[in-house]
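Peer 1: Chain by chain, the residues:
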Amino acid sequence: MNTFLLRSIAFFILTSTVFISCEEDDPNESVAKGEIALASVITSPDGMSGTTYLQLIEDLTPATYDNSVAFPFTMSDQFVMRGEDIFILPFAESNLIRKYTRNADKELQETGQLSLDDNSAATAIVLQSSTKAYVSIMGRAKILIINPSTMTKTGEIDISAYAVGDGCPDPSQMVIRDGKLYVALNQMVGGYYAATDRAKSDVLIINTATDEVEKMITEETTGMSQATRPIDCKQIFVDENNDIYLITMGAFGAQPGHKAGILRINSGETVFDDSYNFVLNDAAIEGESNFSNMFCFVQYAGGGKLYATLIIPAYWGNPVSYLEDRVCIAAEIDLYTKTIKKLGLPRSNSYNSVGIYNNKIMFGLTTDNDNGFYTYDITTGEASSSAIIKTTGMPMAFRHFGEMY
Amino acid sequence: MKSEQRFIITLLLLITAISGLSAQTKVTGVIRDAKTKEPVIGANVIIKELQKGTISDGSGSYKFVLPRGTYTFVFSSMGYESQSKKITCNKDQTTLNVKLKESITQLDEIIITAKSEAREVREQATPVSVITVDEIQGTVSNVSELLTKTSGIKIRSSGGAGSAQRISVRGLEGKRVGSFINGMPINDQSDFVSFNDIPLDLIERIEVYKGIVPAKFGGSAVGGAINIVIKEFPPKYIDVGYSLQSYNTHNATLVFKRNNTEKGYEFGGGGFYSYSDNNYTFSLNDPDYDIKNKKRDHDAFKKIAVAGNFTAKKWWFDEIEFEPVYISTKKEIQGITENIQEAVTYSDAFLIANTIEKEDLLIKGLDFDFSLAYAYTIFKYQDKSMQRYNWDGTTYEPVTILGGEIGTTPNDSYNQKHTILQKTNLNYIINENSSINLNGVYNYAYGIPEDTLKDAVIGYKSNFNSTMNSYVSGLNYELDFFNHKFTNSATIKHYYYSVNTTLIDIYSHDHEEKPHDLNKSDFGFSNAIRYRFTPEFLVKASFAYDVRLPSENELLGDGFITVPAGDLEPERNTNVNIGFMYDRTNVKNNRFQFEINFFYTYLENMIRFTGSFLQSKYENFGEMESRGMDIDIKYDLTSFLYVYANGTYQDLRDARKKEPGSSEDNPTYGDRMPNIPYLYTNAGFELHEENLFGGINQESKFYFENSFVEEYFYNFEQSVHQKKRIPRSITYNLGLEHSFKNKNIIIGLQVNNITDEEMITIFNRPMPGRTAGIKLRYIIR
Chain A
1 MNTFLLRSIA FFILTSTVFI SCEEDDPNES VAKGEIALAS VITSPDGMSG
51 TTYLQLIEDL TPATYDNSVA FPFTMSDQFV MRGEDIFILP FAESNLIRKY
101 TRNADKELQE TGQLSLDDNS AATAIVLQSS TKAYVSIMGR AKILIINPST
151 MTKTGEIDIS AYAVGDGCPD PSQMVIRDGK LYVALNQMVG GYYAATDRAK
201 SDVLIINTAT DEVEKMITEE TTGMSQATRP IDCKQIFVDE NNDIYLITMG
251 AFGAQPGHKA GILRINSGET VFDDSYNFVL NDAAIEGESN FSNMFCFVQY
301 AGGGKLYATL IIPAYWGNPV SYLEDRVCIA AEIDLYTKTI KKLGLPRSNS
351 YNSVGIYNNK IMFGLTTDND NGFYTYDITT GEASSSAIIK TTGMPMAFRH
401 FGEMY
Chain B
1 MKSEQRFIIT LLLLITAISG LSAQTKVTGV IRDAKTKEPV IGANVIIKEL
51 QKGTISDGSG SYKFVLPRGT YTFVFSSMGY ESQSKKITCN KDQTTLNVKL
101 KESITQLDEI IITAKSEARE VREQATPVSV ITVDEIQGTV SNVSELLTKT
151 SGIKIRSSGG AGSAQRISVR GLEGKRVGSF INGMPINDQS DFVSFNDIPL
201 DLIERIEVYK GIVPAKFGGS AVGGAINIVI KEFPPKYIDV GYSLQSYNTH
251 NATLVFKRNN TEKGYEFGGG GFYSYSDNNY TFSLNDPDYD IKNKKRDHDA
301 FKKIAVAGNF TAKKWWFDEI EFEPVYISTK KEIQGITENI QEAVTYSDAF
351 LIANTIEKED LLIKGLDFDF SLAYAYTIFK YQDKSMQRYN WDGTTYEPVT
401 ILGGEIGTTP NDSYNQKHTI LQKTNLNYII NENSSINLNG VYNYAYGIPE
451 DTLKDAVIGY KSNFNSTMNS YVSGLNYELD FFNHKFTNSA TIKHYYYSVN
501 TTLIDIYSHD HEEKPHDLNK SDFGFSNAIR YRFTPEFLVK ASFAYDVRLP
551 SENELLGDGF ITVPAGDLEP ERNTNVNIGF MYDRTNVKNN RFQFEINFFY
601 TYLENMIRFT GSFLQSKYEN FGEMESRGMD IDIKYDLTSF LYVYANGTYQ
651 DLRDARKKEP GSSEDNPTYG DRMPNIPYLY TNAGFELHEE NLFGGINQES
701 KFYFENSFVE EYFYNFEQSV HQKKRIPRSI TYNLGLEHSF KNKNIIIGLQ
751 VNNITDEEMI TIFNRPMPGR TAGIKLRYII R
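Protein sequences appear in the order of chains A and B. Each residue of the first sequence is one higher than the last, beginning at 1 in this note's numbering. Each residue of the second sequence is one higher than the last, beginning at 1 in this note's numbering.
To be clear, the hints were calculated from the coordinates, so they are not data collected in a lab. There could be a bad hint or two in this list.
With beta-carbon atoms standing in for the labels, derived distance ranges [to be verified]: (1) B:A252 with A:T154: 49 to 57 Å; (2) B:Y346 with A:E214: 42 to 50 Å; (3) A:G344 with B:N469: 48 to 56 Å; (4) B:G174 with A:S68: 39 to 47 Å; (5) B:Y346 with A:S115: 31 to 39 Å.
We treat Cβ as the ideally placed atom computed from N, Cα and C, and that holds for glycine.
Could you build all of it, start to finish, from the sequences and the hints given here?
Peer 2: Following this line, the structure appears as structure tokens:
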């Protein structure tokens with residue numbers, strides 16, 4: 001019996017020890033503080049998922065930043081800066097809009113959440129006031145009206161009647177001008193493309209006083225289609241002349257007859273400017289022998305200068321590799337002369353971004369040699385020879401608090 | 001082609017080199033109860049002079065191949081008087097049948113113990129775990145639940161009965177792990193048959209090979225292999241079973257067998273029916289979703305299988321078997337982050353298999369196994385709802401004007417496939433100390449996919465017929481030294497693979513259809529040694545340098561969202577294992593088994609599915625390194641108490657030094673690979689007693705199981721704020737089994753996860769909490 005008892009005790013000790021494991025680490029809740037929000041993405045080994053890390057940094061002092069104190073989000077989340085707030089919009093891997101606010105200590109804090117219906121795919125948020133904002137819901141054919149201070153829903157606008165080809169017009173980026181909300185529509189049918197036989201661009205105009213749709217305007221002469229890329233909030237903007245410019249996707253260059261480019265709605269007008277169209281697919285690029293067929297990300301800097309990363313399809317490999325193929329060039333676009341100039345920066349894969357910091361354009365590039373934000377000085381025309389702000393992961397967003405655009 | 005020629009020449013040279021034959025005798029026999037004439041299963045047969053033994057199989061049969069000479073055979077079994085017989089082996093073949101008499105006294109423990117097939121498998125030079133019939137029978141469980149209690153194994157499920165599962169062996173999972181039933185590969189038929197479809201009552205044992213996949217299985221796998229060995233039932237047998245578990249889960253099985261001894265015919269048949277509503281409630285523990293307390297109401301699963309069997313044992317071959325099988329499955333698709341109410345999959349498989357066995361084919365010592373199987377399968381995926389559903393039941397527009405609930409297009413696919421699988425195995429026992437095994441597996445698949453609904457939405461045909469051929473050949477040479485103390489097992493494998501299909505480029509405006517042909521070949525080799533210090537204690541060491549060829553869908557994609565990747569390289573794995581094993585099992589079947597293994601793995605050219613908003617594809621993306629150990633203890637503390645424990649630590653690390661196509665350092669180099677468990681243990685005990693409640697020929701069993709999995713991260717761990725984790729889980733199961741009439745009537749009860757622990761094995765795919773089940777089984781022998 002004693003032997004049995006000893007054996008039992010020995011076995012108990014043996015089996016019990018395997019269940020003892022370290023206590024969970026007490027996470028260090030420290031966060032970075034600063035004037036700039038930057039995001040970088042690291043993919044998981046499965047290649048399908050990953051994490052985007054958002055953190056604040058002080059300035060452009062050359063440095064390499066890890067993600068140890070960054071806030072993690074999904075790979076498809078979009079970061080929209082409005083004043084001291086950063087709204088994180090869920091596209092495909094979340095159903096929560098989250099609001100982070102920079103506090104008096106210049107630290108980011110989560111200050112609100114709003115739960116959305118499944119498959120909402122929020123693509124844009126614009127603020128009419130501190131208590132009223134519009135959120136475009138690409139997956140549900142509606143524009144939500146929310147109170148951004150309390151992060152509560154106060155209403156919604158059904159826009160399914162403006163769908164062409166299916167039941168949802170796929171609202172994308174938005175901008176408010178003179179009491180009207182301009183909603184760019186993607187009009188996708190099956191997958192992410194517009195109907196093959198409909199190479200047109202639609203914008204919905206909503207009266208912000210009544211929250212009723214006034215009309216949908218359509219540009220149908222140039223072949224430009226699918227107004228604004230859903231994951232780039234800067235692809236529609238109002239310039240210093242109160243004109244609206246918007247970028248078209250052109251079915252990612254994959255549909256015959258569909259083109260990418262730039263359209264304009266002049267100040268005081270609610271129709272497209274027939275006299276202005278800028279088709280990217282047909283435009284020569286100074287310093288680049290190949291043509292482009294898509295704007296990846298853009299940043300307006302004033303004075304008619306638009307900075308962008310452009311996809312050059314000639315640089316896709318065979319087979320295509322989204323990580324290894326350096327298909328994007330950094331470019332300066334003159335909206336007034338409709339010319340494009342390639343900048344002296346290395347090519348990036350399609351995980352890139354464009355931002356602005358005072359008089360510097362910040363190109364987030366994933367290049368053959370480094371990952372991070374290169375600078376292009378608007379006033380001197382000088383480009384950095386390497387990434388000034390090096391990121392751990394691919395640079396996906398750069399937002400400077402207080403910038404006009 | 002040159003490499004193939006070289007391979008064939010090498011084979012010929014090796015076969016020529018083993019032409020020196022030595023004289024041997026094959027001794028076979030059947031052990032029966034002297035009174036009832038029933039076969040005695042599990043009886044020990046020991047050859048005194050050689051210190052060698054075996055155990056009688058399900059039909060009471062045993063077999064030895066011995067050098068010529070005179071030997072003393074000792075036959076023994078619990079409850080019988082032992083018998084000794086001396087015979088002289090001077091012919092090619094000798095039969096020695098015995099009848100054992102019942103005994104009222106217990107046998108004394110003897111030093112030499114015979115080995116069951118399970119133990120023989122465990123003592124192979126390659127790292128392997130075996131789940132024996134003792135651990136299987138009676139439990140209200142399934143294969144996955146048994147496997148996941150094994151060291152080095154984790155089964156990760158997306159839900160309840162019928163849900164998708166990922167089998168991981170020491171952290172390598174998916175297509176890297178080979179799945180076999182009786183040595184026949186089933187990886188490519190995962191839509192139609194899975195391990196959990198096999199009723200536990202039909203299983204003799206489960207072999208889990210870790211790191212090295214034996215050549216005899218063919219196929220291409222680098223992480224390991226799981227082989228389920230089906231029981232050989234007695235010639236006359238009826239077995240009926242039924243179980244009822246939580247969430248309206250039913251399983252019914254029937255097996256019968258009859259024989260005509262005179263003509264050597266056996267007829268058998270059987271089938272099973274499984275159904276579950278899987279309607280449990282779940283919540284997501286995900287910072288990105290606010291989804292709580294949703295009831296799964298579109299997750300029903302139904303499967304029915306019918307099989308027949310005809311075996312002839314007197315048609316020149318030792319055994320010729322024909323087996324037709326039909327399997328039909330319907331599975332509703334349950335939404336997790338969205339409410340899905342109509343999408344469903346159907347799969348039907350018609351299969352006919354033929355196996356032939358012949359020992360001493362043409363020359364003595366040459367055993368021949370041949371199998372040929374043809375399968376016709378139909379897989380249907382229907383997602384054509386004209387509305388989508390909110391969680392409250394209200395509806396909204398489908399994904400396209402032609403319907404669809406999931407993704408970006410509706411689907412009404414009808415994918416047919418014709419598959420032929422042929423396997424030939426030649427095993428030649430050169431002499432008492434060496435044997436050679438030549439194995440070839442040919443696989444042909446002709447796929448005919450169709451989805452007119454999807455094509456109508458995207459505007460062009462997206463799926464095309466494809467033909468795939470593969471041939472995997474392996475040669476194994478096993479050599480014993482020092483009176484069987486030292487064994488060396490060397491294997492070389494050659495792989496060939498070809499695909500013919502049509503592809504389209506969705507980036508081109510005309511979506512031109514282009515024929516696409518490719519073929520690939522590669523090789524692998526391994527060597528395993530075993531040294532036996534004592535009959536109980538041995539050491540194993542092995543090295544493998546092997547490949548996994550890309551599968552058909554990895555190379556070809558689906559013609560639409562998943563683009564082809566014709567340049568995919570095979571995954572290359574280097575595996576080193578060293579293990580120590582102590583196994584003392586006496587004649588009363590009381591055991592003390594202890595095994596510890598240390599392993600190292602370096603996986604190159606890993607294949608992953610890389611996503612994009614427009615298209616996805618499979619690609620080689622880099623390297624992963626793994627170090628770890630697993631430990632396993634099984635111990636019969638007393639005649640009525642059995643305890644076990646095992647644990648696995650597997651430290652998988654990202655070994656990519658640079659970013660893809662860049663000189664930039666990889667930020668996750670050296671980090672633990674995410675979404676893979678790295679520390680898990682199992683432990684439990686079992687109390688068993690005969691006639692506990694009086695009566696005769698009854699046996700009671702009570703068992704308790706514990707499982708622990710340490711928390712692990714869903715993504716690479718980079719930030720202190722990272723919250724996406726698969727939480728630590730500690731679960732407990734309880735079970736009770738009582739049998740009457742010498743185990744002819746068995747009742748089982750089991751409660752899983754008695755503390756109702758939150759269970760997640762795949763991120764955002766919650767498992768059921770506490771479940772209970774009852775099982776009844778009736779056997780007529």
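Peer 1: The hint says 39 to 47 Å between G174 (chain B) and S68 (chain A); measuring C-beta to C-beta, is that right?
Peer 2: Violated, at about 31 Å.
Peer 1: CB of Y346 (chain B) to CB of E214 (chain A), is that within 42 to 50 Å?
Peer 2: Since Y346 (chain B) and E214 (chain A) have Cβ atoms about 49 Å apart, the given range 42 to 50 Å holds.
Peer 1: Is it true that Y346 (chain B) and S115 (chain A) lie within 31 to 39 Å of each other by Cβ?
Peer 2: 35 Å, holds
Peer 1: Between A252 (chain B) and T154 (chain A), is the Cβ distance one that fits in 49 to 57 Å?
Peer 2: 56 Å, holds
Peer 1: When you take the CB atoms of G344 (chain A) and N469 (chain B), is the distance between them in 48 to 56 Å?
Peer 2: 52 Å, holds
Figure legend: structure checked against the earlier numbered hints; the only hint not met is number 4.
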